[in-house]
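Chemist: Take a look at the letters that make up each chain.
6 protein chains.
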Amino acid sequence: MPRIAAFGEVMMRLQVPGHGTLVQSNRLEYSFSGSGVNVTAALAGYGHNGALITTLPETPVGEAAIAYLRKLGVDTSLIYRGGKQLGMYFLENGFGARPGRVTYTDRLGSSFNTAEAGNYDMVALASRIDVLHLCGITLAMNEGVRNQMKRLAAEVKSAGGKVVFDCNYRPALWGADGYAKARPHYEELLELTDLVLMNEKDAQFILGFGTGEYDRMAQLKQAIPEVVERFEIGTAAGTHREINADHTHSLTGYIYQQGTFLFSRKLTFPVYDRIGAGDAFASAVIHGELQQYPQQQTVNMAAAAAMLAHTTQGDTALFTESEVLRALSDHTVDVER
Amino acid sequence: MPRIAAFGEVMMRLQVPGHGTLVQSNRLEYSFSGSGVNVTAALAGYGHNGALITTLPETPVGEAAIAYLRKLGVDTSLIYRGGKQLGMYFLENGFGARPGRVTYTDRLGSSFNTAEAGNYDMVALASRIDVLHLCGITLAMNEGVRNQMKRLAAEVKSAGGKVVFDCNYRPALWGADGYAKARPHYEELLELTDLVLMNEKDAQFILGFGTGEYDRMAQLKQAIPEVVERFEIGTAAGTHREINADHTHSLTGYIYQQGTFLFSRKLTFPVYDRIGAGDAFASAVIHGELQQYPQQQTVNMAAAAAMLAHTTQGDTALFTESEVLRALSDHTVDVER
Amino acid sequence: MPRIAAFGEVMMRLQVPGHGTLVQSNRLEYSFSGSGVNVTAALAGYGHNGALITTLPETPVGEAAIAYLRKLGVDTSLIYRGGKQLGMYFLENGFGARPGRVTYTDRLGSSFNTAEAGNYDMVALASRIDVLHLCGITLAMNEGVRNQMKRLAAEVKSAGGKVVFDCNYRPALWGADGYAKARPHYEELLELTDLVLMNEKDAQFILGFGTGEYDRMAQLKQAIPEVVERFEIGTAAGTHREINADHTHSLTGYIYQQGTFLFSRKLTFPVYDRIGAGDAFASAVIHGELQQYPQQQTVNMAAAAAMLAHTTQGDTALFTESEVLRALSDHTVDVER
Amino acid sequence: MPRIAAFGEVMMRLQVPGHGTLVQSNRLEYSFSGSGVNVTAALAGYGHNGALITTLPETPVGEAAIAYLRKLGVDTSLIYRGGKQLGMYFLENGFGARPGRVTYTDRLGSSFNTAEAGNYDMVALASRIDVLHLCGITLAMNEGVRNQMKRLAAEVKSAGGKVVFDCNYRPALWGADGYAKARPHYEELLELTDLVLMNEKDAQFILGFGTGEYDRMAQLKQAIPEVVERFEIGTAAGTHREINADHTHSLTGYIYQQGTFLFSRKLTFPVYDRIGAGDAFASAVIHGELQQYPQQQTVNMAAAAAMLAHTTQGDTALFTESEVLRALSDHTVDVER
Amino acid sequence: MPRIAAFGEVMMRLQVPGHGTLVQSNRLEYSFSGSGVNVTAALAGYGHNGALITTLPETPVGEAAIAYLRKLGVDTSLIYRGGKQLGMYFLENGFGARPGRVTYTDRLGSSFNTAEAGNYDMVALASRIDVLHLCGITLAMNEGVRNQMKRLAAEVKSAGGKVVFDCNYRPALWGADGYAKARPHYEELLELTDLVLMNEKDAQFILGFGTGEYDRMAQLKQAIPEVVERFEIGTAAGTHREINADHTHSLTGYIYQQGTFLFSRKLTFPVYDRIGAGDAFASAVIHGELQQYPQQQTVNMAAAAAMLAHTTQGDTALFTESEVLRALSDHTVDVER
Amino acid sequence: MPRIAAFGEVMMRLQVPGHGTLVQSNRLEYSFSGSGVNVTAALAGYGHNGALITTLPETPVGEAAIAYLRKLGVDTSLIYRGGKQLGMYFLENGFGARPGRVTYTDRLGSSFNTAEAGNYDMVALASRIDVLHLCGITLAMNEGVRNQMKRLAAEVKSAGGKVVFDCNYRPALWGADGYAKARPHYEELLELTDLVLMNEKDAQFILGFGTGEYDRMAQLKQAIPEVVERFEIGTAAGTHREINADHTHSLTGYIYQQGTFLFSRKLTFPVYDRIGAGDAFASAVIHGELQQYPQQQTVNMAAAAAMLAHTTQGDTALFTESEVLRALSDHTVDVER
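Protein chains in written order, with our numbering: chain U, 1 to 337; chain C, 1 to 337; chain W, 1 to 337; chain V, 1 to 337; chain S, 1 to 337; chain G, 1 to 337.
No lab work stands behind these hints, which were simulated from the structure alone.
30 angstroms max Cα-Cα, derived DSSO-like pairs, lysine-lysine: (1) G:K201 <-> G:K266; (2) U:K150 <-> U:K221; (3) V:K84 <-> W:K181; (4) W:K221 <-> W:K266; (5) V:K201 <-> V:K221; (6) W:K181 <-> W:K150; (7) V:K181 <-> W:K84; (8) V:K150 <-> V:K221; (9) V:K84 <-> W:K84; (10) U:K84 <-> G:K84; (11) C:K181 <-> C:K157; (12) C:K201 <-> C:K150; (13) C:K181 <-> S:K84; (14) C:K157 <-> C:K201; (15) S:K221 <-> S:K181; (16) S:K157 <-> S:K221; (17) U:K84 <-> G:K181; (18) S:K181 <-> C:K84; (19) C:K84 <-> S:K84; (20) G:K84 <-> U:K181; (21) U:K266 <-> U:K201.
Given the structure is predicted, the values throughout are model-derived calculations rather than measurements.
Put together the whole structure using the sequences plus the hints.
Modeler: Following this line, the structure appears as structure tokens:
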């Protein structure tokens, strides 16, 4: 059975319950998440072993994070301890026309982002990994983390493993001239990537591909093949999201391999918790590829998993394959008893 | 004033608050319900005396159940004490495409389902009942309960009372070949029934009537008169439910008496808590019949009561007649002050 | 910078959390509000100084009210202490076809409504006020409060200040023959008013204007100019609300000045908490007028503020101008991070 | 079986959970209580039928009160509906040296206290009562309520029933010169009383007996016999409370009949919720008298019941006789399983 | 590193929060525990690998149990799935003189207690276990479980492992003539035991040793050596508990090996949550033995661990060795910052 | 009326409710505090104007902090906005032998601690301050904050104001060789100090005074006069704390002025929330000095205020003078009603 690992930060999510604001409330609900957490937990839910590679402080908060990851089913045996704190973010839910708000604390001072160059034994880690998941959010942190990320990807490749890279470009993290700053790092990682999660915006704005078309779909169909060819990537996948006037969202998934695009149906649904849906999509694509499912099935399941992630409390969607298949079969079902 | 009683089990409902799952949460909200509870409480809300005939354990949990029933307005003076425990079920709310989940504990070991044949003084009970409500869920339990149920129905009939029977067929309770197992028991009870709650699916699958038509409405119009004639039942009533793409539900009520079908308007509404809506419909039909309202009014009120039950937290809908009439008048009303 | 004050009662709001009823629950969430509270807090959110003139008891409940007002940003330095208690109301949320319910305790015994004639130093207060906000709810209380209200308005006018009056007619407060009882008091206040919040229903039913038309819009266009001319009011503003079949609400704001009506777009939105939306509209109109914004911008912002108030927990909407402008720009935005 | 009723007000208790204050918190837990509620509920717990005679408003708050009383086991069939509101009080828990605080709203405007003279059918009520419980708190309300109380006591007596009167003098309710105001009303009621709950302070300050002694016990032994003789009362009972330096409380119960004092052991215990302990003592004395237990057993049980009431959340202590006997046997017991 | 496993049932604990009762409340907090859970989790907290051997249903409740065990750090890889439900118990906290109450549901119908004889591969399990923990509660269940327990102990012994047995006699589980019923099973297990947790009561009542003495300590010193000799047990350990008048508890631990008794200091402390303290003692004894600590240190640490378990919410105490050592050093420490 | 200000950091306190740990729980209660917050809020409670000088981020978390300070009654008009985040700490309550735990996030990155040298207009601030409160915690932060602190103290002195300095030495903040590092900064500030809060430990370990004695009291009596003389300080005050075996604490306050020591009684009390008690003592000393109360009264009130702070939820004690006086009069009082 393939050994899957993700390299990334664990964030503490501090959410105002219900629909109040930080000014109005005096209570928070906390959980621990992050792109790597979400992906390894989702893959654990599909029956794989998913280990997280990260660094957490030796404090009661760090202990709570590890216990929470264990509860999610994440393999915590590759977690290093050190540093002083976790990155945190506060979440205030929106309602209708009132958008939700996310307030970050200083991520750059976290145990993960301040770990020294020699913190991880990259060679030993690479020998324990068949598939490595990396994320563009981690790439935005700082030079130290970027180097660790590239080093680990290179070691995994040279040990015969595969690399999954989710572009996940976040403008707020890269700042002014962000695309220009980000491009060389994205290019460096894409050279090592076997499966990329991206869409035409990433291709255009970060990498400069496919800019000639007006329509999103045309842009996608032009840009993705160019990216895949340029960086010799096996598979690309991603989603188009639309936000509808009635506050439902619609998602369409695509997968591209060997010159062929396959698309899921467009799924439309109400949204309970938006965060983590991209990771749910990525996880299901990885699962489908590992199981060698037909690609149409993979992209269908991935879109359904992303839809389900919108209906789930918390960043981390925990579903079995049968629950995803059932959502895919698209019956509006009554309560079962 | 007629004396109404229901014979049935009290279940403890253990619900994860909000939209989390049992894995995610560490809190439950509990209440006590059951078809008989819901019907007698609803009739109490309409101003009748509704007594529950059941058996509850002499434990703190049993005390809590009785106190809760009293709060609902149920007459608890016909409740027997004995046995060891209540049936329980866990409820996880769904959201959008994610269905809710119900997990039962062992109902068959409950005080109600293990009560011995001689537990109830059937003759004495029958002498205190004008209208007896029975439910197909109880019929699915075990041979002992079925016998008690039939015995009580027969005693009530012979003492001059009326029997209401809600078919409420639950596939999970009857298991494989469920319809075949259930049929003789349903037939036996329908022989004693004055008012039946059912729809064409019950008629077809349990009793084998009305199978020649394709359309639900045609099936209903064929099957119900056949059932009513065959078992010499005074009145039949029931609902058609549709689950819409936007996750609203639609309900249409029917009532059939002396060869005539009357239908309510189709009511469409968002759903807060699905459980107990059928009992709200049944209760309002019983209320309308007891008050000798025109049948069109009865079926209209029953559909409105079922709609309101979907907007109410918990299994047990508590409304006054004026609240139901107001919902029926179908204004979308602003908050009142 | 203009000094703004509102004269009005502080109510304690006791809300059943979630969607249960007072019968079902055993918990309440409390806050403190009132038309004057909502307006001065909203204006504080827009950067003004907003002081509340009221009377609160010297009890732990009165202390809690003052602390809450301070948290909202209301200037509490003009609050008098005395009397025995606050007005209170219980709020049970509705869902879909089930309307919410509001139950008041005895407002007339509150510190505000029992304050004696000489409680406030009207001349000193007037010297500290450039803009005074008054509300028709206060006018409905009793003769003593009405006299205080009129006296304060007159003093403010004679000291060179402006008076804003929100008609806010509440049938339940005036009782039988309410319109006839209310008319002389409304007329007296409108004589002192510079900016009135009202719509055609107020004009028709309270004042007897514009009764010849069938259509609401035609009624508005007939009645408002008549009222403005009759009472020599500078500006009138108000909203039309529609409640849609899918339980969303729609609002259209208007402003009328110097013979010209300007209307906002009709905004349609889901409703989280209905109470306080009218005060949010009024506050934004006052803010726009104080800032001398173009009236089209003022009415647009006011409608958007009212819409946002529907998405906010509690009576009192707390928004910055930039949040209102953003809601006005009407993108359905995803969560920001 | 004797029919027991209490005449008194139902109050809504609004408690800040935990140890915060109204300024700090935003949540309340509510319940419904009152001396009559506590006594009838406690007697229901001992297996008697206990009915409350009161008036409650026809509002959602009144409905919630009735449902709550039903849950407590109180017979609600003698409750009248009318008026506008309930009396309420806010409760902030203390801790150690910080005392708890109680803030009342206007009790005098409650449905009970504003009920008109003809509200109750006193003759019909008296015909349904064997034992009537009255309380000095009710006597402090207003002339109307006092008259109803005396009238009902007189009717019960003339119909052959017994009257229990708990002196329960509350200085805050009687105001300045309270003892002088209260004396004639207390005297009038004591003339009708069969069983009085009081101690030497009541005898001294309200009635002017037993003032010659320095020591509490000596005062008690002098004053109680004088009171009993003067008013021809069958039985007197009451408690001495001490508050210890470690914040535990100590209680000693007494009972006096036919010239003999009997005392319980002094019980010392930590306090969870102080309110309602006197009613628990009174209830157990009534129960003991009704069961014709030996008076030593009655006073022992009453002291133990009062102790248990201090360990119980809420005003209303709900215990079975066997739970009281067990507390009396005074083992410090480990958890049972 | 030694591989430790426990064989036992997972119970769902459903606790009324705070100090209310099931009648008063509508909320529960749930967790999952059991003697084997507590011991393996505590050993995980000390840095060992602790696996639980049990059977859990494939339901959302079973999933929640497994996730909870993972969070505790328990190795869940030896858990079998099957059956229908978990054993459950309801817990109402006591206060002072009011004892807590525990209400069990039907444990005998649980997945663990209904697992068939061939459910576990005993030989394979034994090959993965160096130390096996068993508990007298499991022995009380039914013949099937007893046989599995004995079979597993025998296999572990024959594979060279050690057996720890905690007598944990629960009268309620064995019923009438419980000691006589239990004796042969206890004897059979003690024949296989290397480390026994027991005290003089177990020795006397179950096994019939040491009955000649009056004083508990003398009884202990007589009985334990006899038991150890008779069954050729390496080590015996246990505690004496006293419940003090001020509701604090006192514990004294003992350990007996090679003819020598060693005792801890008597520790006196307030109690937050009583359940699971015995398992905390047993876990620390196992840890001390595995680490080959001096026995005086082991018994000291075990007593301190048991004390800490009384201060911890939930059945399962989670401490590091350094936290136990610190509690042992017995400073009353201020908050650290 | 004197204008009081404190210069210091606002921390966000994130507390696990009840007695669980961060591993066990998923909820936090948050508030905002800090030495300067506590002191200005307490002085506001005594009727003074207390302004906080600090820097807070322009984020929803910063808004929540300001709203919370307003609720406490703190004057927020001297607060600067800038930087990115607040310092935070997590608090897990202990119980009995289990100590509470505090986990800090990175304070040094907070808005306050990263504010640039020119952030505050020191001259303008000094012109608005009669009494300035400073704290040793702030002195431990970094060179920038220390310079701001010293600069502000110097400006206040040269503008004729008074400086209060609370030594508040925290070993964890100064690290290895902390006393040596801290001494020159403490000396520099003491040169500017009019009223110092300290005890003999501060004098010995930070400043090197009074080291010749064995007994705490003798050390105090030797060291404090030396410090006061050396730095020409008007008044010194402080407390001795003892932690008793039954987990109660005892406090004795002292005040020293013009060669005379005055002591409060030793107060012994149970502890609900330890944090903030020192600030409550300091605030009451400042209040007493401002009111020119006799010093014996001042130290008595300060000790009582510190005791009350231990009984109060949260860091910030909010009492009126009459509540403090009442606690001082030391009756163990029953609930008042």
